[in-house]
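Single-letter residue listing:
Protein chains: 2
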Amino acid sequence: MKLETGKQGTSPEMEEYDDEDDDEVIDKSCYSPPMIFGPPREGGEDLFVPPLNFAMVDNGVFRSGFPDVANFSFLQTLKLRSVLCLCPEPYPEANWEFLRSNGIRLFQFGIEGGKHRTGCLVGCLRKLQRWCLTSVFDEYQRFAAAKTRVSDQRFMEVFDISSLKHLPMSFSCSRIA
Amino acid sequence: MKLETGKQGTSPEMEEYDDEDDDEVIDKSCYSPPMIFGPPREGGEDLFVPPLNFAMVDNGVFRSGFPDVANFSFLQTLKLRSVLCLCPEPYPEANWEFLRSNGIRLFQFGIEGGKHRTGCLVGCLRKLQRWCLTSVFDEYQRFAAAKTRVSDQRFMEVFDISSLKHLPMSFSCSRIA
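Taken in sequence, the protein lines are chains G and R. Counted from 1, the first sequence has number 96 at position 96 by the UniProt record's numbering; the numbering is strictly sequential. Counted from 1, the second sequence has number 38 at position 38 by the UniProt record's numbering; the numbering is strictly sequential.
Because the hints were derived from the structure by calculation, they are not lab data. The reader is advised that the hints may include incorrect statements.
Since the list gives no way to pick one copy over another, a pair counts as held whenever it fits inside one copy or between any two copies.
[To be verified] Below, simulated DSS-like cross-link-like pairs (lysine-lysine); rule was C-alpha separation at most 27 Å, straight line:
(1) 79 <-> 147
(2) 165 <-> 147
(3) 79 <-> 165
(4) 115 <-> 147
(5) 115 <-> 127
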């Protein structure tokens, strides 16, 4: 899953986006583009708006729902170098511009009809990291919530890591070096 | 929240434990002590059993439910230096022994009656990191699930960071140096 090697002092190697329709449970007012309403403020300071379902997957690897303009100032703090987009839809122009102006490379692997593509991908990574299925599913369900699917869990269960065993892939052992 | 500074090449600075009673939704067979049933195996290799609700909070900072013997081999891979326990109950002897034999320091701040103490603590950290409340609650609810409490969310909402603004606390900017 690591697409590039980072350099000392900079941060992540990849970010995973997913347009899981969890979006609908989010307070959109918080996600309004800053040029219209401005980002949320407290004590006279702007607050960060991480994207829905944002989390750290491992050193330098993050996951989240599909970001919008309100999230860009937060994403900038991550010093991303690559973004992996799993949606088949055309990548929005505003997001393109954000990537371009921050020197971030986009890798888009559009997967049709998926709902928890990022969750499945992270689950496969956890198998490479030798997590038991109970823990893989615990994490998957935390992000998929009411939209947990048996078919996704079967996909992760049968995902065969035997051909990938030559990859050194321990949790938290991928150093930013 | 950082209790010590790490040294190059080793990993986390702190781990947060919480005995959130989410434990009851876990397949206990996977959590059986390895000396009785052995850890889960696949392809002749032992699998890791991360504790319930395990996640990476930030560089070198992790959270989880209260771990048991089945989780020790996974926890060993994290090269922890400190554990922060938020439960008031006496720390179990087996866990003590694990910490002792791995040179991990225990910091116990027993908080009576709490259910999502770790979630509240992480929420307060996110406020220090200038996350908007929508994102703080999104993360809190992901871990608290059906046990989400309005009182916890109010605690995080009114948590006053104004006296802590001298602390440099940006997400993902705490380098392991």
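Against the structure, the hints:
| no. | hint | in the structure |
| --- | --- | --- |
| 1 | 79 <-> 147 | neither (31 Å within a copy, 35 Å between copies) |
| 2 | 165 <-> 147 | neither (31 Å within a copy, 39 Å between copies) |
| 3 | 79 <-> 165 | between (30 Å within a copy, 23 Å between copies) |
| 4 | 115 <-> 147 | both (8 Å within a copy, 25 Å between copies) |
| 5 | 115 <-> 127 | within (20 Å within a copy, 30 Å between copies) |
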